[in-house]
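Protein sequence lines, in the order shown, are assigned to chains W, S, R and Y.
No gaps in the numbering here: position 157 of the first sequence is 157 in this note's numbering, and each next residue is one more.
No gaps in the numbering here: position 36 of the second sequence is 36 in this note's numbering, and each next residue is one more.
No gaps in the numbering here: position 159 of the third sequence is 159 in this note's numbering, and each next residue is one more.
No gaps in the numbering here: position 241 of the fourth sequence is 241 in this note's numbering, and each next residue is one more.
Simulated from the structure, these hints should not be mistaken for lab results.
Among the clues, some could well be false.
Given that identical chains are not distinguished, each listed pair holds provided it fits within a single copy or across any two copies.
Mimicking SDA-like on lysine to any residue, the simulated pairs with C-alpha atoms at most 25 Å apart in a straight line are [unchecked claim]:
#	residue 1	residue 2
1	170	1
2	170	203
3	168	194
4	184	197
5	170	124
6	138	170
7	40	18
8	105	180
9	105	7
10	168	271
11	9	105
12	184	108
13	138	191
14	184	6
15	85	19
16	233	65
17	233	253
Since the structure is predicted, the reported quantities are computational estimates derived from the model, not experimental observations.
4 protein chains.
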Amino acid sequence: MAEFEFQEKKVYYESYGSGEPILLLNGVMMSTKSWAPFIKNFSMNNRLILVDFFDQGQSSYMTESYDHGIQIALIRALLDHLELKQANICGISYGAEVGLGFAVKHPERVRRLALFNGAARTSPLLADIGHAWNEAAKLEGGLAYYLAAIPVIYSDAYYERQLAWMDKRKELLVPYFGNPEVKKRLVRLTNSSENFNVVNELFRLDMPVLVVSAEKDYLIPMREQETLTRCVKDVHHVVLPDCGHASMYEKPLLFCALTLGFINAGHTQFAI
Amino acid sequence: MAEFEFQEKKVYYESYGSGEPILLLNGVMMSTKSWAPFIKNFSMNNRLILVDFFDQGQSSYMTESYDHGIQIALIRALLDHLELKQANICGISYGAEVGLGFAVKHPERVRRLALFNGAARTSPLLADIGHAWNEAAKLEGGLAYYLAAIPVIYSDAYYERQLAWMDKRKELLVPYFGNPEVKKRLVRLTNSSENFNVVNELFRLDMPVLVVSAEKDYLIPMREQETLTRCVKDVHHVVLPDCGHASMYEKPLLFCALTLGFINAGHTQFAI
Amino acid sequence: MAEFEFQEKKVYYESYGSGEPILLLNGVMMSTKSWAPFIKNFSMNNRLILVDFFDQGQSSYMTESYDHGIQIALIRALLDHLELKQANICGISYGAEVGLGFAVKHPERVRRLALFNGAARTSPLLADIGHAWNEAAKLEGGLAYYLAAIPVIYSDAYYERQLAWMDKRKELLVPYFGNPEVKKRLVRLTNSSENFNVVNELFRLDMPVLVVSAEKDYLIPMREQETLTRCVKDVHHVVLPDCGHASMYEKPLLFCALTLGFINAGHTQFAI
Amino acid sequence: MAEFEFQEKKVYYESYGSGEPILLLNGVMMSTKSWAPFIKNFSMNNRLILVDFFDQGQSSYMTESYDHGIQIALIRALLDHLELKQANICGISYGAEVGLGFAVKHPERVRRLALFNGAARTSPLLADIGHAWNEAAKLEGGLAYYLAAIPVIYSDAYYERQLAWMDKRKELLVPYFGNPEVKKRLVRLTNSSENFNVVNELFRLDMPVLVVSAEKDYLIPMREQETLTRCVKDVHHVVLPDCGHASMYEKPLLFCALTLGFINAGHTQFAI
């Protein structure tokens with residue numbers, strides 16, 4: 001719907017509604033399009049802003065490798081472009097991590113922060129899971145990449161309940177991943193997280209932070225969530241039982257309720 | 001602030017703000033006064049309704065024993081009195097259970113239901129915990145009752161972090177429980193739950209139901225929560241880690257965010 | 001079966017079988033008699049030693065208050081009396097804590113240590129649970145004490161499955177707790193744990209230590225178990241799901257298998 | 001050390017020590033050699049029997065696809081060959097599942113059964129994880145297969161603590177998986193589990209069964225373990241916290257202690 005130039009690249013974004021602004025940040029395989037089922041709820045009482053990171057959707061594609069820094073710069077440019085001194089930020093997975101990176105660098109720009117399925121670093125195990133995806137990307141066609149990267153993001157119970165839906169996703173995604181350019185972008189995005197680590201910067205967060213962990217999230221296990229709950233001052237921690245890494249798909253109403261409830265609650269300190 | 005007559009007894013209630021109505025139901029040792037820190041947040045975009053059950057706060061005290069039925073009738077009378085065809089109901093502990101009892105009996109009167117630290121029945125173990133409280137009520141003074149009933153409602157971590165606050169609670173509550181009339185009311189309220197069991201009625205619930213479980217809730221353990229998540233059709237389950245039975249005190253912002261986010265989310269079905 | 005004098009008091013103990021010695025230490029409401037169902041299994045390939053702490057079973061009763069120190073001294077005197085330079089120690093609850101206290105003081109006397117439902121300190125919450133028991137002890141008869149102290153030691157599932165057995169326990173225990181002398185001993189034993197804290201001594205443990213935690217143990221919650229698993233060097237941690245504080249009753253075969261398997265395993269270091 | 005013919009194929013096995021026989025069954029990527037660190041402990045008081053399944057170690061390799069049936073037949077032939085009317089069976093992962101399949105088919109041949117990291121069926125999610133491994137096997141060299149199949153079997157904490165050891169495993173395993181014949185065998189073994197499902201046969205088990213679940217086992221999640229604990233009559237359930245799928249590597253002493261303690265405990269019924 002809208003775009004602007006930043007460092008000679010295009011940043012694509014969308015804006016809906018008005019009110020306290022919420023910037024929703026995508027997971028690695030997502031784009032602004034992925035949020036379609038959520039737009040109505042999120043823009044009812046708020047201004048919802050969606051954006052494609054570089055190498056996603058309708059923003060520019062990269063050619064060289066990069067790290068989260070470029071995506072953090074993109075967020076800052078977007079807030080400047082929209083003349084927003086502060087926004088509420090909600091991210092899932094890759095989006096949670098870039099959002100967290102932005103918040104520790106520019107805490108004054110973040111009113112409240114909601115992190116779904118995100119960690120403060122890429123653990124050695126998660127790095128090697130990414131390497132496995134990148135190896136699978138070398139095989140022709142999209143099946144190997146699909147099998148390496150998709151089942152792992154769902155809880156076992158959801159996967160089984162939704163087998164018909166999974167089959168439809170597979171029909172869509174295998175040809176999509178079969179496109180060599182798509183795989184290159186995904187490999188670059190995956191690699192951009194390899195050295196992510198803001199554990200020692202978490203003390204900079206002075207805004208209320210919601211941490212939503214999914215009990216069956218294999219990519220972001222509970223140990224990484226405990227780093228957040230131990231090191232963030234004003235942290236509020238919730239666990240989604242029987243939920244995997246793609247919590248927005250497995251628990252869409254809770255995704256909305258938690259984010260909107262947290263951002264739209266008035267005061268956050270209670271005289272108990 | 002307001003009251004009406006029901007079955008020759010007084011029902012005391014309070015109403016704040018306007019919008020989608022939320023009826024907040026008290027735990028057994030609470031009253032309308034207990035919600036003071038929450039009124040502002042809950043009435044910002046909603047009409048908040050507080051009420052004292054019989055044997056609580058400023059509603060009439062009972063003389064005979066009773067069960068949840070009388071409190072369920074009180075809720076119905078209150079909605080009728082306020083001319084509300086439907087309300088959102090949020091309850092904690094005793095209030096969650098009476099709210100659940102109301103919802104299975106009058107599902108058409110409940111738009112959305114949020115249950116904190118509540119079960120669908122009083123288990124044999126919980127019944128005997130209640131009996132222990134009732135025994136402690138027989139000792140003169142309030143210390144025995146305080147020690148039997150209060151520490152058990154907090155998580156061990158909160159209890160230790162808040163020792164100074166606990167001491168202040170103790171100074172307030174020991175004299176309060178030392179009043180024989182207070183103890184009689186608490187014993188009657190506790191006994192009114194003894195035979196509570198709506199497990200086989202849960203199928204009647206057709207509204208969206210939020211179940212919030214606290215990981216360290218000794219009174220309402222996870223096994224009872226699983227009964228709810230297994231038997232309620234449109235159920236949405238969240239776990240509060242490191243939280244005990246009094247979740248509204250231990251996690252006040254999450255209590256607000258979850259309830260308001262759940263009740264004020266627009267549509268609850270998502271085309272994923 | 002046997003006794004000796006220590007500090008002008010009687011220490012009662014029993015010994016069965018031969019082999020690597022295992023000293024089994026009682027929980028607070030237990031005595032050597034409580035282990036009857038386990039004697040055959042534990043003495044099959046080992047020398048099993050049972051002992052009554054002071055204020056338990058057939059050892060001397062105390063008159064003044066005391067702390068764990070006197071029970072630790074009793075263990076040392078027992079090992080000296082039996083001319084055992086080293087023994088394997090397994091304790092449950094109070095016995096685990098006294099065993100742990102002995103091991104940090106005399107690590108050279110302990111070959112392997114198995115701790116069931118035990119912590120390295122009495123937390124503020126646990127201290128107040130003990131105070132609640134002591135209040136209940138003030139009421140005449142045994143019912144208040146029974147209700148305060150017994151249901152809390154079982155998991156909710158076991159309590160419900162074993163209601164008939166619970167009724168039999170109640171018939172036995174209510175008259176037993178009705179004896180004022182029994183209650184005095186239990187109050188003293190409970191009080192002897194009030195200031196127990198060896199967290200800062202755990203580094204002294206250089207023997208293999210088995211920590212068995214019960215998922216539904218309200219008295220010794222997981223946070224206290226994590227102190228053990230974080231601070232003990234050669235620690236081996238197991239969780240019993242759906243099990244309460246009295247793990248020897250709820251999971252007798254696992255109690256035997258874990259203890260005997262751990263103590264009788266040959267080498268404990270593996271070249272993986 | 002020893003072998004015999006069965007259906008014109010070679011079955012390779014090893015036997016150590018004497019006493020109650022324990023048949024230890026391999027995971028999919030293991031062989032008799034993998035148990036070297038455990039032989040001494042397991043043969044101290046027992047007869048330990050190791051065996052290579054078809055397509056493993058020194059037993060015959062297959063050429064066609066097959067299912068668990070052929071491995072179950074191999075176990076039966078081995079017990080017949082050794083003239084053992086009954087044996088205790090302990091299996092991990094693939095070995096737990098074949099052992100379970102054997103036990104439901106020939107319950108009279110199994111005295112006690114110990115299952116580590118095993119399920120009663122291959123879930124849809126696990127099947128697709130296997131498909132991802134098989135895709136990775138199509139790439140030349142062993143790196144893709146290593147990255148697809150190895151990190152996933154460890155807990156995140158162990159992986160990080162043991163990075164140096166992981167590097168050594170990688171140096172060994174990448175060339176090993178680079179052998180096309182090895183990959184073919186692993187693909188066949190993986191495929192032999194695809195349709196495994198004995199959920200409806202679990203009622204046949206009448207021997208004591210130990211179920212050991214690892215808290216961080218991504219391949220065999222807790223939901224599958226609950227099927228076992230719900231459907232097996234004489235079941236004894238233990239959870240290893242902070243442990244992944246390869247529990248014998250992550251917790252070797254507990255692997256020994258649990259198996260030997262369970263198998264060598266005398267009576268399994270306790271008059272509590």
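These are the hints, each one checked on the structure:
Within a single copy, residue 170 and residue 1 get their C-alpha atoms no closer than 28 Å, and across copies no closer than 48 Å, so neither meets the 25 Å cut-off. Taking the shortest Cα distances, residue 170 and residue 203 never come within 25 Å of each other, neither inside one copy (41 Å) nor across copies (34 Å). For the identical chains of this complex, residue 168 and residue 194 are inter-copy neighbours only, at 22 Å across copies versus 31 Å inside a copy, given an alpha-carbon limit of 25 Å. In this homomeric assembly, residue 184 and residue 197 come within 25 Å of each other (Cα to Cα) only inside a single copy, at 24 Å, whereas the closest approach across copies is 39 Å.
When the C-alpha separation of residue 170 and residue 124 is checked against a cutoff of 25 Å, the pair qualifies only between copies, where the shortest distance is 14 Å, while the shortest distance within a copy is 29 Å. Taking CA atoms no more than 25 Å apart as the test, residue 138 paired with residue 170 passes in both settings, with 19 Å inside one copy and 20 Å between copies. Taking the shortest Cα distances, residue 40 and residue 18 sit within 25 Å of each other both inside one copy (12 Å) and across copies (23 Å). In this assembly of identical chains, residue 105 and residue 180 lie within 25 Å of each other by CA distance neither inside one copy nor across copies; the values are 34 Å within and 49 Å between.
Taking the closest pair of Cα atoms, residue 105 and residue 7 come within 25 Å of each other only inside a single copy of the chain (19 Å); across copies the shortest separation is 62 Å, beyond that limit. Taking the shortest Cα distances, residue 168 and residue 271 sit within 25 Å of each other only across copies (14 Å), while inside one copy they are farther apart (50 Å). Proximity of residue 9 to residue 105 under the C-alpha cut-off of 25 Å is restricted to the intra-copy arrangement: shortest distance 22 Å within a copy versus 60 Å between copies. In this assembly of identical chains, the alpha carbons of residue 184 and residue 108 never lie at most 25 Å apart, being 35 Å within a copy and 54 Å across copies at closest.
In this assembly of identical chains, the alpha carbons of residue 138 and residue 191 lie at most 25 Å apart whether taken from the same copy (15 Å) or from different copies (23 Å). With identical chains, the CA atoms of residue 184 and residue 6 are at most 25 Å apart within one copy only, with a shortest distance of 22 Å there and 50 Å across copies. Taking the closest pair of Cα atoms, residue 85 and residue 19 come within 25 Å of each other only inside a single copy of the chain (14 Å); across copies the shortest separation is 30 Å, beyond that limit. Proximity of residue 233 and residue 65 under a CA criterion of 25 Å is satisfied in neither setting, with 34 Å inside one chain copy and 43 Å between copies.
Within a single copy, residue 233 and residue 253 get their C-alpha atoms only as close as 27 Å, which misses the 25 Å cut-off; across copies the closest is 14 Å, which meets it.
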